[in-house]
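Engineer: Chains A and B, in that order, give the protein sequences.
Note that our numbering gives residue 15 to position 15 of the first sequence, counting from 1, and the numbers run on in steps of one.
Note that our numbering gives residue 191 to position 191 of the second sequence, counting from 1, and the numbers run on in steps of one.
The set of hints was computed from the structure by calculation and includes no laboratory data.
None of these values were measured; they are calculated from a predicted model.
Wrong hints could be hidden among the right ones.
To be verified - Partial list, derived from the structure: chain B residues whose beta carbon lies under 10 Å from chain A: (1) Ala-11; (2) Ser-127; (3) Met-162; (4) His-166; (5) Glu-170; (6) Ser-172; (7) Trp-174; (8) Gly-265.
Claimed, not checked - Simulated coverage check for chain A against chain B, where a stretch passes if three residues somewhere in it have a Cβ under 8 Å from a Cβ of chain B: (9) 72 to 79; (10) 186 to 197.
Backbone N, C-alpha and C define an ideal beta-carbon position, used for all residues, glycine too.
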Amino acid sequence: MVTSRNLRRFASLCLALSLVVLAGCSSAPPAQQSSGQSGGTQSQSGGTQTQSGSSSAPAASEGDILIGAVLPITGGSAKMGQDMQNSIQMAFDEINAQGGVLGRKLKLEVQDDACDPQSAVAAANKIVSMNVVAVISGYCSGAFLPTEPIYHNAGIGVVVPAANAVSLTEQGYEEINLINATNRDQARTAADYIVNQWNAQKVALIHDNSAFALELAELTREFLQGRAEVVAFEAITPGEKDFSAVLTSLKGKGPDAIYFTGYYAEGGLIINQARGLGITARIMVGDGANDPTLVEIAGAENAEGVAITTSPGAFDFTGSNEWVPRYREKYGEPGPYSVHAYDAANVVAEAIKQAGTTDRAAVAKAIRGINIEGISGPISFTETGNRKDGYFIVLEVKDGEFTVVQRAPR
Amino acid sequence: MSQVLEQLLNALVIGSFYALVALGYSMVYGIIRLINFAHGDLYMLGAFFGYSALLLLGKTFLGTGVTGILAAMLTAMALTGGLGVLVERIAYRPLRGSPRIILLITALGMSLFLENAVMVFKPWGASFRVYPVTLGRAGFDLFGVHIGYAHLAIFAMALFLMAGLHLFVEKSVWGKAMRAVAFDREAAQLMGINANRMISMGFFLGSIMAAAAGVMAGLYYGQINFLMGFLVGLKAFTASVLGGIGNLPGAMLGGMLLGVLEVFGTSAVGGQWKDVFAFGALILILVFKPTGLLGERTAGRM
Numbered sequence: 001m002v003t004s005r006n007l008r009r010f011a012s013l014c015l016a017l018s019l020v021v022l023a024g025c026s027s028a029p030p031a032q033q034s035s036g037q038s039g040g041t042q043s044q045s046g047g048t049q050t051q052s053g054s055s056s057a058p059a060a061s062e063g064d065i066l067i068g069a070v071l072p073i074t075g076g077s078a079k080m081g082q083d084m085q086n087s088i089q090m091a092f093d094e095i096n097a098q099g100g101v102l103g104r105k106l107k108l109e110v111q112d113d114a115c116d117p118q119s120a121v122a123a124a125n126k127i128v129s130m131n132v133v134a135v136i137s138g139y140c141s142g143a144f145l146p147t148e149p150i151y152h153n154a155g156i157g158v159v160v161p162a163a164n165a166v167s168l169t170e171q172g173y174e175e176i177n178l179i180n181a182t183n184r185d186q187a188r189t190a191a192d193y194i195v196n197q198w199n200a201q202k203v204a205l206i207h208d209n210s211a212f213a214l215e216l217a218e219l220t221r222e223f224l225q226g227r228a229e230v231v232a233f234e235a236i237t238p239g240e241k242d243f244s245a246v247l248t249s250l251k252g253k254g255p256d257a258i259y260f261t262g263y264y265a266e267g268g269l270i271i272n273q274a275r276g277l278g279i280t281a282r283i284m285v286g287d288g289a290n291d292p293t294l295v296e297i298a299g300a301e302n303a304e305g306v307a308i309t310t311s312p313g314a315f316d317f318t319g320s321n322e323w324v325p326r327y328r329e330k331y332g333e334p335g336p337y338s339v340h341a342y343d344a345a346n347v348v349a350e351a352i353k354q355a356g357t358t359d360r361a362a363v364a365k366a367i368r369g370i371n372i373e374g375i376s377g378p379i380s381f382t383e384t385g386n387r388k389d390g391y392f393i394v395l396e397v398k399d400g401e402f403t404v405v406q407r408a409p410r
Numbered sequence: 001m002s003q004v005l006e007q008l009l010n011a012l013v014i015g016s017f018y019a020l021v022a023l024g025y026s027m028v029y030g031i032i033r034l035i036n037f038a039h040g041d042l043y044m045l046g047a048f049f050g051y052s053a054l055l056l057l058g059k060t061f062l063g064t065g066v067t068g069i070l071a072a073m074l075t076a077m078a079l080t081g082g083l084g085v086l087v088e089r090i091a092y093r094p095l096r097g098s099p100r101i102i103l104l105i106t107a108l109g110m111s112l113f114l115e116n117a118v119m120v121f122k123p124w125g126a127s128f129r130v131y132p133v134t135l136g137r138a139g140f141d142l143f144g145v146h147i148g149y150a151h152l153a154i155f156a157m158a159l160f161l162m163a164g165l166h167l168f169v170e171k172s173v174w175g176k177a178m179r180a181v182a183f184d185r186e187a188a189q190l191m192g193i194n195a196n197r198m199i200s201m202g203f204f205l206g207s208i209m210a211a212a213a214g215v216m217a218g219l220y221y222g223q224i225n226f227l228m229g230f231l232v233g234l235k236a237f238t239a240s241v242l243g244g245i246g247n248l249p250g251a252m253l254g255g256m257l258l259g260v261l262e263v264f265g266t267s268a269v270g271g272q273w274k275d276v277f278a279f280g281a282l283i284l285i286l287v288f289k290p291t292g293l294l295g296e297r298t299a300g301r302m
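I would like the entire structure built from these sequences, with the hints used as guidance.
Structural biologist: In structure tokens, the structure reads:
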């Protein structure tokens, strides 16, 4: 018989081992640089440098300018995080190939927020403690929001490529800048389209209880007030696959239009299951659901005619005509926020150039005052950090493809 | 009225998935008193094996018709079953004599490990995967209720699998040996039963049930990802406690009941209350009948 002490020792060893393996898995791309500093094990510091095309060494060398990125690398939104990381790396590689900024090379330091507030705060603290000059962060609004004070206290300028909850810039921090228009613009666009284009009398709103989706649904309800009746205001659980119960009871209320404000995985299933139940209402989804996978999950015939409110993305940029093939060559199909992440990277680079220094405060100030031509059009920020003249567009699925049906006036 | 029937159909499908996964929880608990929190991830792995198998088999003479789907399902079940046995062998067996809390923690670690392993595995990855074939929503109307063939097929398949498992455990020599190990491992060993092999068999059977549910969920919903096992795992655990953990008919009953509870709870008060109903039921049953609906107070589980 083995003594319980030995067993316990063995158990803790197993646990520790599995934790090491987990840590290696969950933060595979970003963990490299940090493990180099702490003299980490060999198994961790090897490989996965393939992401960065630059010739940077694992440890932070003196000459490089470190830029932080806090993105969802794991978790349900991992794909979006990967898309965005690719774009930022691509922008940095291009800038570095042309001699870098201030004669130094840009180097990306990625941390994982997993779209989870707790992980995001930990990741933000870590990024701030490193010698980064500016930060690109924010896909999930709910995860990004609690990190804002951390960046503010450190005086680090942040460019947000995707998150767009109204509350993000309501805090009044002078460091936070959104590449996107906000949820309020999106809600207005959605409500107008539903009422004016579809002549809907009864509207059902479905959200997934995340900060972002709930806010969008609530704002849409406000904008619909007096113009159409909101017959249902329902929540679903992200990660769930079966929404037939909600949809069946929705069917009884006979809505003309359904607006789902959550993300594409659930959006696709809702479209699929709604059509399966014989619901004929027009369906619209928010920008979180803007991904070609939506059509795949829903099934092409079910998705036909579905509308999407979205920031003008890779699908509607004049500048993206030559950008998309350039991206495709390196990383395959761009995601809905690839363009925004690319623009965010360029904003940061340009701000450092204009500041003429890597001093955090100076760079943060330069970001707020930036005025450049991005792939997504001219980029400059208002006093509160929103994008000047930001707007949303509407796409519709036609023959399985996203087609622009409404461009908002600039 | 027709809406109630329609909801009942929805409930049967959800309940089938819960019941199949719950069987694994119950069986493993019955034999070695371990709540295998990695079990939901075996459901996820089954879905992914089925996905890859369908992609590969679809190119052969089997195609993506009924034969192709069945072949893919069997492949996924075999692979997941093997993996379930492997998980027991490397993660649980070395710790079998240790306090239960350690086994529980290992199970949680295993769950995270499996999820992340699928995430970093290149052909599968972090993004949502769309199943190469999906069951159509075709069906027929009966008294104004739309009854999908897919609903019926899933329910029938689940019943078939559950009946098969029940017969195996109750009637076969192997099942008898498993029950003997569950009843008293040492006495069974003294009678010449290889307890390790029986425990492996329990894991194998539980895993193939979960894998079948995973493949069917993939075919039915059309979309899978590496985190899909988490919520289903929790719900199936709830289902098995509801029916009496360690009790196989209880797991089936619990699964179906949970499906009904969720669906009618949702239609009564709204979607955001769905999980409240599921886990509220768990708390109630733990307070008023901790052994579950069909659980007995004494040993003799399985």
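Engineer: Under the criterion of a CB-CB separation shorter than 10 Å, is His-166 (chain B) in contact with chain A as hinted?
Structural biologist: With a minimum Cβ separation of about 26 Å from chain A (threshold 10 Å), the hint on His-166 (chain B) is violated.
Engineer: Does the interface hint hold: is Ser-172 (chain B) within less than 10 Å of chain A, judged Cβ to Cβ?
Structural biologist: Violated: closest Cβ of chain A sits about 33 Å from Ser-172 (chain B), beyond 10 Å.
Engineer: Given Ser-127 (chain B) as an interface hint, is the shortest Cβ-Cβ distance to chain A below 10 Å?
Structural biologist: 4 Å, holds
Engineer: Regarding the hint that Met-162 (chain B) lies at the interface with chain A, is the smallest CB-CB distance below 10 Å?
Structural biologist: Violated: closest Cβ of chain A sits about 20 Å from Met-162 (chain B), beyond 10 Å.
Engineer: Under 10 Å, Cβ to Cβ, is where Gly-265 (chain B) needs to be relative to chain A, so tell me if that hint holds or is violated.
Structural biologist: Nearest chain A Cβ about 8 Å off; hint holds.
Engineer: Quick check on the hint: Ala-11 (chain B) CB to chain A CB, less than 10 Å?
Structural biologist: 8 Å, holds
Engineer: If you look at each residue in the stretch 72 to 79 of chain A, do at least three have a Cβ nearer than 8 Å to any Cβ of chain B?
Structural biologist: Answer holds; 5 residues pass the 8 Å Cβ test.
Engineer: At a threshold of 10 Å, is the proposed contact between Trp-174 (chain B) and chain A supported by beta-carbon distances?
Structural biologist: Violated: closest Cβ of chain A sits about 29 Å from Trp-174 (chain B), beyond 10 Å.
Engineer: Checking hints one by one. Is Glu-170 (chain B) an interface residue toward chain A, by the C-beta closer than 10 Å rule?
Structural biologist: Glu-170 (chain B) check fails; min Cβ-Cβ to chain A is 31 Å, beyond 10 Å.
Engineer: Quick check: the stretch 186 to 197 of chain A, covered by chain B? Criterion 3+ residues, Cβ under 8 Å.
Structural biologist: Not satisfied, violated; 0 residues make the cut.
This entry does not satisfy hints 3, 4, 5, 6, 7, 10, going by the numbered hints stated previously.
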